[in-house]
Amino acid sequence: MRFLHTSDWHLGRTVRGRSRESEHEAALRQVLDYAREQAADCVIVAGDVYDTSAPPPEAERLLYDFLGELHGAGIPAVLIAGNHDHPRRFEAIAPLLRSVNVHAIGDPKPAGQGGDFAVRSRDGRETAVVAALPWVTERRAVEFAQLQAGPSAAILRYADQVAAALRDLSDAFRPDTVNVLVAHALVDDAIVGAGGGERALHMAMGIYGVQRGQLPASAQYVAFGHVHKAQELVKSPAAWYSGSLLQLDFGEAEQGKYVNLVDVHPRQPAKVTQLPVTAGRRLIDVGSPLRGVALADLPAVRERVGDAWLRVYVDLDMPVANLPAVVREQLPNAVHVERVRPGQPEEEAAPVQVSTPEEMFAAFYRSDLGHGREASAATLALFRRLLQEAEEDANEA
3 MRFLHTSDWH LGRTVRGRSR ESEHEAALRQ VLDYAREQAA DCVIVAGDVY DTSAPPPEAE
63 RLLYDFLGEL HGAGIPAVLI AGNHDHPRRF EAIAPLLRSV NVHAIGDPKP AGQGGDFAVR
123 SRDGRETAVV AALPWVTERR AVEFAQLQAG PSAAILRYAD QVAAALRDLS DAFRPDTVNV
183 LVAHALVDDA IVGAGGGERA LHMAMGIYGV QRGQLPASAQ YVAFGHVHKA QELVKSPAAW
243 YSGSLLQLDF GEAEQGKYVN LVDVHPRQPA KVTQLPVTAG RRLIDVGSPL RGVALADLPA
303 VRERVGDAWL RVYVDLDMPV ANLPAVVREQ LPNAVHVERV RPGQPEEEAA PVQVSTPEEM
363 FAAFYRSDLG HGREASAATL ALFRRLLQEA EEDANEA
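In this text, residue positions in the sequence shown follow this note's numbering: the first is 3, and each later residue adds one.
Certain hints may be false.
Claimed, not checked - Derived DSBU-like pairs: lysine-lysine, alpha-carbon spacing no greater than 30 angstroms straight-line: (1) LYS231 x LYS111; (2) LYS111 x LYS273; (3) LYS273 x LYS231; (4) LYS111 x LYS237; (5) LYS273 x LYS237.
Everything labelled a hint here was simulated from the structure, so no lab data went into it.
Using the sequences and the hints, build the whole thing.
Written out as structure tokens, the structure is:
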């Protein structure tokens, strides 16, 4: 059987207030073209369909147009809620979507009670069992007793609960079926773009997730959503983040975007091919917080950046009135403009990368993968306590 795995569309997303609707529409058209050209038996969307829990009508139109086109092509779909989606929105529309052969899951469900679906191949010769786990909130998985016991106990409890849910769902798998697991979750050691570079995210940083060794061995392919960088997580069972459909922030500026084409048959390992998604506009840094560009060089910059969204750092000895407007006369797609003083010592310049574990955690917490806001003093205090416990455990080992 052949699956197309995609995730993290974030429909309704803007870049500094500028609409990306046309980019999303073009990218979804490319996914549809792949589904048709590659004769996919099913399209999997592994969460974060929308950018917010209350998406604008334009974002909903994009989704329903896409699903309608899939139905017209005779291709079923599986759709799960991510941390940016409202689970009840998915549950409310699920009965209607079933009429167009779309299986939508907003809330986690056990195997045999709505958590798994049978999908037939185009030729009717093979059947897949697709088991799906939407985003599991911390408050749903962690009991009050674990919260009282401290952050490390809560994080381990969360990992164990998510792993137990994945094992329960895998009970639906059979030796004579194609067995596919779909989940929206953080997998320990996943790579993300952050602060101008890439870093691995660890549960020891105070992040709720699941460990790689806890993935059910009976799954032949695990389709993850949540992390925006496309990456292979585990070879057996084959587990992947397909990554986001577009470059969504400047931390993703160097990332290619893909959908995964997955060929898999009963009792055989999955074969995964990354298909590039090129419809979105790039996000590019012009200059850096340590070294900006001169205003006189902006016309040359315009020639090489095309229609990319830009974050521009400008070298200026003295302030310039309405600097963003001055820059946008040459670079109309500059969505962020910042002054850099020439010769500014590195120790006084804005750091390119976070350096301490607490700074890394704070950066993650305020990102789209976290909570989208600044961590409170209490949260940072809990993180410091967890980090200290982890360091003490490591010293005792």
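Outcome of the hint check:
1. LYS231 x LYS111: holds (27 angstroms)
2. LYS111 x LYS273: The given pair, whose Cα atoms are some 28 angstroms apart, holds under the 30 angstroms limit.
3. LYS273 x LYS231: Within the cut-off at roughly 20 angstroms; holds.
4. LYS111 x LYS237: holds (27 angstroms)
5. LYS273 x LYS237: holds (10 angstroms)
In terms of the numbered hints stated before, the structure departs from none.
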